[in-house]
Every structure is written in C-alpha cells, then in structure tokens.
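Undergrad: This is what each chain is made of:
Protein chains: 2
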Amino acid sequence: MSGQITIALDAMGGARAPATVVRGANIALRRFPQTQFMLFGDQSQLQRLLKRRRRLRKACTIHHTEEVVRDDAKPSVALRTGHRTSMRLAIDAVGDGAADGVVSAGNTGALMAMAKYVLKTLPGIDRPAIATFFPTSRGESVMLDLGANVDSDAENLVQFAVMGEVFARSVLGLIQPTVGLLNVGAEDVKGREAVKTASAVLRDSDLPIEFHGFIEGDDITAGTVDVIVTDGFTGNIAIKTAEGTARLYTEFLRQAFKSSPFARLGYLLARRALKKLRAQVDPRGYNGAMFLGLNGIAVKSHGSTDALGLANAIGVAIDMAKGGINEKIKEEFQRLALARENKWRAVS
Amino acid sequence: MSGQITIALDAMGGARAPATVVRGANIALRRFPQTQFMLFGDQSQLQRLLKRRRRLRKACTIHHTEEVVRDDAKPSVALRTGHRTSMRLAIDAVGDGAADGVVSAGNTGALMAMAKYVLKTLPGIDRPAIATFFPTSRGESVMLDLGANVDSDAENLVQFAVMGEVFARSVLGLIQPTVGLLNVGAEDVKGREAVKTASAVLRDSDLPIEFHGFIEGDDITAGTVDVIVTDGFTGNIAIKTAEGTARLYTEFLRQAFKSSPFARLGYLLARRALKKLRAQVDPRGYNGAMFLGLNGIAVKSHGSTDALGLANAIGVAIDMAKGGINEKIKEEFQRLALARENKWRAVS
Numbered sequence: 001m002s003g004q005i006t007i008a009l010d011a012m013g014g015a016r017a018p019a020t021v022v023r024g025a026n027i028a029l030r031r032f033p034q035t036q037f038m039l040f041g042d043q044s045q046l047q048r049l050l051k052r053r054r055r056l057r058k059a060c061t062i063h064h065t066e067e068v069v070r071d072d073a074k075p076s077v078a079l080r081t082g083h084r085t086s087m088r089l090a091i092d093a094v095g096d097g098a099a100d101g102v103v104s105a106g107n108t109g110a111l112m113a114m115a116k117y118v119l120k121t122l123p124g125i126d127r128p129a130i131a132t133f134f135p136t137s138r139g140e141s142v143m144l145d146l147g148a149n150v151d152s153d154a155e156n157l158v159q160f161a162v163m164g165e166v167f168a169r170s171v172l173g174l175i176q177p178t179v180g181l182l183n184v185g186a187e188d189v190k191g192r193e194a195v196k197t198a199s200a201v202l203r204d205s206d207l208p209i210e211f212h213g214f215i216e217g218d219d220i221t222a223g224t225v226d227v228i229v230t231d232g233f234t235g236n237i238a239i240k241t242a243e244g245t246a247r248l249y250t251e252f253l254r255q256a257f258k259s260s261p262f263a264r265l266g267y268l269l270a271r272r273a274l275k276k277l278r279a280q281v282d283p284r285g286y287n288g289a290m291f292l293g294l295n296g297i298a299v300k301s302h303g304s305t306d307a308l309g310l311a312n313a314i315g316v317a318i319d320m321a322k323g324g325i326n327e328k329i330k331e332e333f334q335r336l337a338l339a340r341e342n343k344w345r346a347v348s
Numbered sequence: 001m002s003g004q005i006t007i008a009l010d011a012m013g014g015a016r017a018p019a020t021v022v023r024g025a026n027i028a029l030r031r032f033p034q035t036q037f038m039l040f041g042d043q044s045q046l047q048r049l050l051k052r053r054r055r056l057r058k059a060c061t062i063h064h065t066e067e068v069v070r071d072d073a074k075p076s077v078a079l080r081t082g083h084r085t086s087m088r089l090a091i092d093a094v095g096d097g098a099a100d101g102v103v104s105a106g107n108t109g110a111l112m113a114m115a116k117y118v119l120k121t122l123p124g125i126d127r128p129a130i131a132t133f134f135p136t137s138r139g140e141s142v143m144l145d146l147g148a149n150v151d152s153d154a155e156n157l158v159q160f161a162v163m164g165e166v167f168a169r170s171v172l173g174l175i176q177p178t179v180g181l182l183n184v185g186a187e188d189v190k191g192r193e194a195v196k197t198a199s200a201v202l203r204d205s206d207l208p209i210e211f212h213g214f215i216e217g218d219d220i221t222a223g224t225v226d227v228i229v230t231d232g233f234t235g236n237i238a239i240k241t242a243e244g245t246a247r248l249y250t251e252f253l254r255q256a257f258k259s260s261p262f263a264r265l266g267y268l269l270a271r272r273a274l275k276k277l278r279a280q281v282d283p284r285g286y287n288g289a290m291f292l293g294l295n296g297i298a299v300k301s302h303g304s305t306d307a308l309g310l311a312n313a314i315g316v317a318i319d320m321a322k323g324g325i326n327e328k329i330k331e332e333f334q335r336l337a338l339a340r341e342n343k344w345r346a347v348s
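Here the protein sequences come in this chain order: U and L. Our numbering puts the first sequence at residues 1 to 348. Our numbering puts the second sequence at residues 1 to 348.
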C-alpha cells in the first residue's frame, strides 16, 4: 500500500455536524498529510466550511446529499430507507473501493447495520465486534465487544479474541499482545458457561495467542492484559461505568480545589500538571470505536465529541488501513480453520 | 426491637485476622454503644487482643474454634466440611436467633453457600442477591446483584428490584427510592431478553415501586436512580471496573503532583481538601456487601479492608437489623404475590 490513504467521512453525523467533522479532518490532515478525504453531506455547508481552509480543500472531494440518518432512527429502518444518507454513501465508498475506510459520528446501530450489509463480514467471522482503547496504568489496552452483540456464545468470544489480538499487533504495534477473558473471578470454576468454554478453546488452540486466562473488572485499568475480551452487553456497561467513574472523580476533584483559599492557590500552582492529568483521562484521546470483522474499515466516533476527538477517530481509521488489519485478520482465521481441521483429522 | 443489637463476627476471616476484626469491632462499638458482639475464633488470640480493650471486652463473648474457612476453599467443600469453622459458627448464631446478624471478611462464596443453607431464603425469593453502596454525585446508591448469580432471568431481576427498593427505604431512609435496570441503552428495544421482560413486569406491576426504566453504565455514578438492578455477572464486573478506574485516576493524580516543584507546592497547599476527596472515593467508606433475600442478616466485608472498613461493614449489619429489613422484604413479597393473584383472577 502506498502512503496515501482515502477516508470517507459522514460529514453530517454527530453533534455540531458538519462543522466538527470538517475541523476534525483539518486536524487529522496536519497529522497525516498524505490523507485524502471524501466528504458526504450538504454541499453548500461543506463548501462554506472549506472556504478558508485551502489545504484541506485540496485534500477533499465533496459528495452532495441532503439525507441524513437521524440519531433516534432504528437501525433496521435506516438500513431499509437510508440509501441516500451521508452515512450510507460514505460506507458505499468503502464498499466500492473508492475509500480505504469510513468514519462517522452518527447513529451507532445504523452504522453497524449498514456497514455489515454493505461490507459483509470477513470469511470465518460470524459477527463483527466493536472495539476501543482503554487507558491503563501501563499505557493502553484494547477491549471488545462493546455493544454489537448483546448475547455472545463461546465461539463469538473466541473470534473476538483472535480479532483483538491481530488489532493489538497490527495497529498498536505490540509484538506478542496478551489476551484476557473478562469474568467474575480468576479461577477456572467461576463464571458463565460461554466464558468457561471460550477459555478452554483458547487454552487448547494451536493459535499463537498469548492467552492469559480470566481477568476481573479491576484488571481492565490495571493493564493486566493488552486485549480484553467480553460480550457486548458486559463490555458496553463496563466502559460506560468507567467513563462515569472518571467523570465523578473529576467532579470531586473540582469541588476539592474550590473548597478553601489554600486549595484554590494549590490548584493554580499545580495547574500545568493537572492539565496533563486531564489529557491522560480525556476520553477524546481514546475516541474511536473500531468495527472489527468487516471486509472494510469502519470507525465510529463518539457522537458528542469535538474536532479533536474526531481527528483521533480518523487517525485510528488511517492506522488500521496502514496496518493492513483486515488482511491480517483473514490470515489468522485461515490459520484457525486449518488448525481445527487438523485437530479434527487427528481425532477421526 | 430494643436498642440492643447482637452481631456475630467471624473473627478469623480476612487479611490480618483476628486483629483487624477486633479493632473493627472496637470502632463500631464507639459508634453504636449498645452493640453486643459474639466473636468466633481462636480464644487465646482473641483474649490477648481484648486484654487492653476493657470496654470492648465487656461487650463481647468469645466462642472458641480452631477451624477456619480458607480463602481458596470451594464453597461446596466449605459447606460440607466446615461445620466447626469460625464462619459457620457465626452464621449458626444468627440461625439460632442468638445474634441479629453476621459479619465476615472471609471467603465470599463459602459465606453465601453457608448463609443460604443455614438461614434459607425468605418466602417468595428464588435466589438471594449481593448488594452494595456506590458513591454518586448525588450521594450514594445501592446496586445488586454483584455476583451471587452469574445468570439471572427476568423473575430474578424483578425480585432484586423489590429487595433493593426495600433496602433503600429501610436502611438508607429514602421515602420513595427510584429503581433502574442496567442495560446497554435507554430505549425499550435495546438489550437482553431477560432485562426487557423484567422491565415490562416492573412497569406493569401494582407494586408501589418508582421504576425509572433502563439506565446505562454511566448512570451508576451519576446517581440517576437510587437502586441499580442487574445480574451478578454484569454487576460484579461493573463494580470492579469502577474500583479500578478510581485507582487509576488516583495514580495519575499522584504522578501529576510529583511532576514539578510547583505541582508539589500546590499539593501541599491543597492537601486538606485532597484528603477530603480521598475520603469521598475511599472504598472503605462503602465497605459491606449485603446478602439480601435470606432469612437473617449477613454482611460480607472486603477481605483486604482494614479496621475502619470492617467497622463500616458492622455498621451496615446494625442498620439492617434496626431497619427490620427482612420483615419489610417479606411484607413486600406478600404484596407482590397478592397483586399477581388478583391479576390472575381478573384475567381468568
């Protein structure tokens, strides 16, 4: 793959769109000067926003549409009736091979439904998963699934483990990432059946996965493993609980600094350091939910994020394209299929 | 009930037992001077620890046993072979009516198995649940189940909702507590079947429960509802994820204050306020996992907590006994059964 990457942007998705999307693309372009953008959305608004951004304008093509997927639209309805929406057209650009990846801050369910329909899943993968980064005391980890599948069986969990491991290698650049299964205890006897079965499969498999075993909720931020595997119900609740806890802590911290003149003065002195802290726990820095398992790159940006968050989501899509993630997932699943076939032959 | 409450203590459970347990009882006695303690454990160690604590000694009886439940013991094995352990004898004291409640910092699974066997569940309750407090920006909430049941069906969730609501009324003193079901989205169409069915039952029921509907992970710390209902798998992972996130934030904060001389000076000035913050997020303040649905009061203290945490767990058991929680749960389930019978009559 040459250095140039083309990203299709759903310019009308998310809060304060399309302004936030255009500003996000502008920041991303400074970081990745070789990127080309296809902007899908209202032409006149986009032209106005690009007017004073000469460099970005040169890197963009505008694809006009008046239709958008509403935030409260049902995924099934969006899929059936949204053929001319900015989201769908941006996904189609990846399906057609015109773009290397799509980024949208719009309706998550609709994006998943459309991306699944247009891009299809990679061979060997039953269900795509949503993955994201998580800050830990050792750096960052990847966690999946975060809500694509409210019920996941053992086979789904095994597939998530394989996809997450490939992601950590090809996008995070880890040599031998460790993988853990989220459970209610570290012992083998504990937990749900699906989790226990998946653990047995990952232990026995001939895959070159560094399987750590079970981990618990507090292992997520401790950085015990690089890849955290769970079903979409639990993963969604875990990540939102972590967000809420960080927000509560920030609120308590703000109250503490306001509580006395000494504390206020202390805040002024420590301000620079505290700004750095805020950046460390800033969800915008970790923005970007990756859809893994599709035959094409799709990244969901948080709907309420700002330009910086959107730029990070675009950066994730570019990293995935550069890392050739889907080719690597395909190879890994071929390997998995072959290993299973051999095992079957050995048994029979 | 007179003012006097008797608490049975598993003196040998948890880290640094029995010293931590005795010190915890000492703190609790200062807060609740009318309390009597039954200490189950090694007599000579306990006598030595009580030697210089005259007031506590007067409020205690010692019940010698040499056996303890090991932290790594399987619940089923502990139940079968642990009849003479400090944990089992403390539970038996509640079963016999000698004590109003039992507190242990030992093996959670064994405590639940033994408490279920000895105390039995209250009429109408299929499975007991583990509940705890959660700090929120509005004060504190109650959350259940936290791990007693890795799989919960809709009926279990409804029962957890009823028990949690009674707890919030009788122990937290709330007049009309709100109840929410943890899910991956606020809309009715989202989530697992069990959660959707439980929501429909709680909406339709004639119970005087203030049912809020679905909540998401970040609503837990936002204090959106007073009682958070979920299955034991999700609840266990959510609470441990929150603990881990708070720990990570504290670590980042410590690093920030060490990063420059200005920041260090700022820390010194804001120290008092930051101490208050630490108390706000201190898990010891929220220590005590309540077993709800049993015909007797049982509270699990965190195994690695200190005397202050143990005193808080004892305080929770005392509050539950004073609030007459189990009588109220029984009444509520009679009401639920009656409402269902009437509905059935109306239909047939």
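Careful: at least some of the hints might be erroneous.
For chains that are exact copies, the list does not tell them apart, and a pair is met inside one copy or across any two.
What the hints assert, rightly or not - Lysine-lysine pairs mimicking BS3-like chemistry, simulated, CA-CA at most 25 angstroms apart:
no. : residue 1 : residue 2
1   : Lys258    : Lys276
2   : Lys190    : Lys120
3   : Lys74     : Lys190
4   : Lys74     : Lys196
5   : Lys275    : Lys322
6   : Lys258    : Lys120
7   : Lys120    : Lys322
8   : Lys258    : Lys74
9   : Lys276    : Lys51
10  : Lys120    : Lys276
Calculated directly from the structure, the hints in this document are not laboratory data.
Undergrad: Decide, hint by hint, whether the structure agrees.
TA: Hint by hint, here is what the structure shows:
In this homomeric assembly, lysine 258 and lysine 276 come within 25 angstroms of each other (Cα to Cα) both inside a single copy, at 19 angstroms, and across copies, at 12 angstroms. In this assembly of identical chains, lysine 190 and lysine 120 lie within 25 angstroms of each other by CA distance solely across copies; the values are 23 angstroms between and 35 angstroms within a copy. Proximity of lysine 74 and lysine 190 under a CA criterion of 25 angstroms is satisfied inter-copy only: 10 angstroms between copies versus 37 angstroms inside one chain copy. Within a single copy, lysine 74 and lysine 196 get their C-alpha atoms only as close as 34 angstroms, which misses the 25 angstroms cut-off; across copies the closest is 17 angstroms, which meets it.
Taking the closest pair of Cα atoms, lysine 275 and lysine 322 never come within 25 angstroms of each other, the shortest separation being 32 angstroms inside a single copy and 47 angstroms across copies. Taking the shortest Cα distances, lysine 258 and lysine 120 never come within 25 angstroms of each other, neither inside one copy (53 angstroms) nor across copies (50 angstroms). Only within a single protomer do lysine 120 and lysine 322 lie at most 25 angstroms apart by alpha-carbon distance; the minimum there is 21 angstroms, versus 60 angstroms between protomers. Taking the shortest alpha-carbon separations for lysine 258 and lysine 74, neither the intra-copy value of 44 angstroms nor the inter-copy value of 49 angstroms comes in at or below 25 angstroms.
Within a single copy, lysine 276 and lysine 51 get their C-alpha atoms no closer than 34 angstroms, and across copies no closer than 52 angstroms, so neither meets the 25 angstroms cut-off. Taking the shortest Cα distances, lysine 120 and lysine 276 never come within 25 angstroms of each other, neither inside one copy (41 angstroms) nor across copies (53 angstroms).
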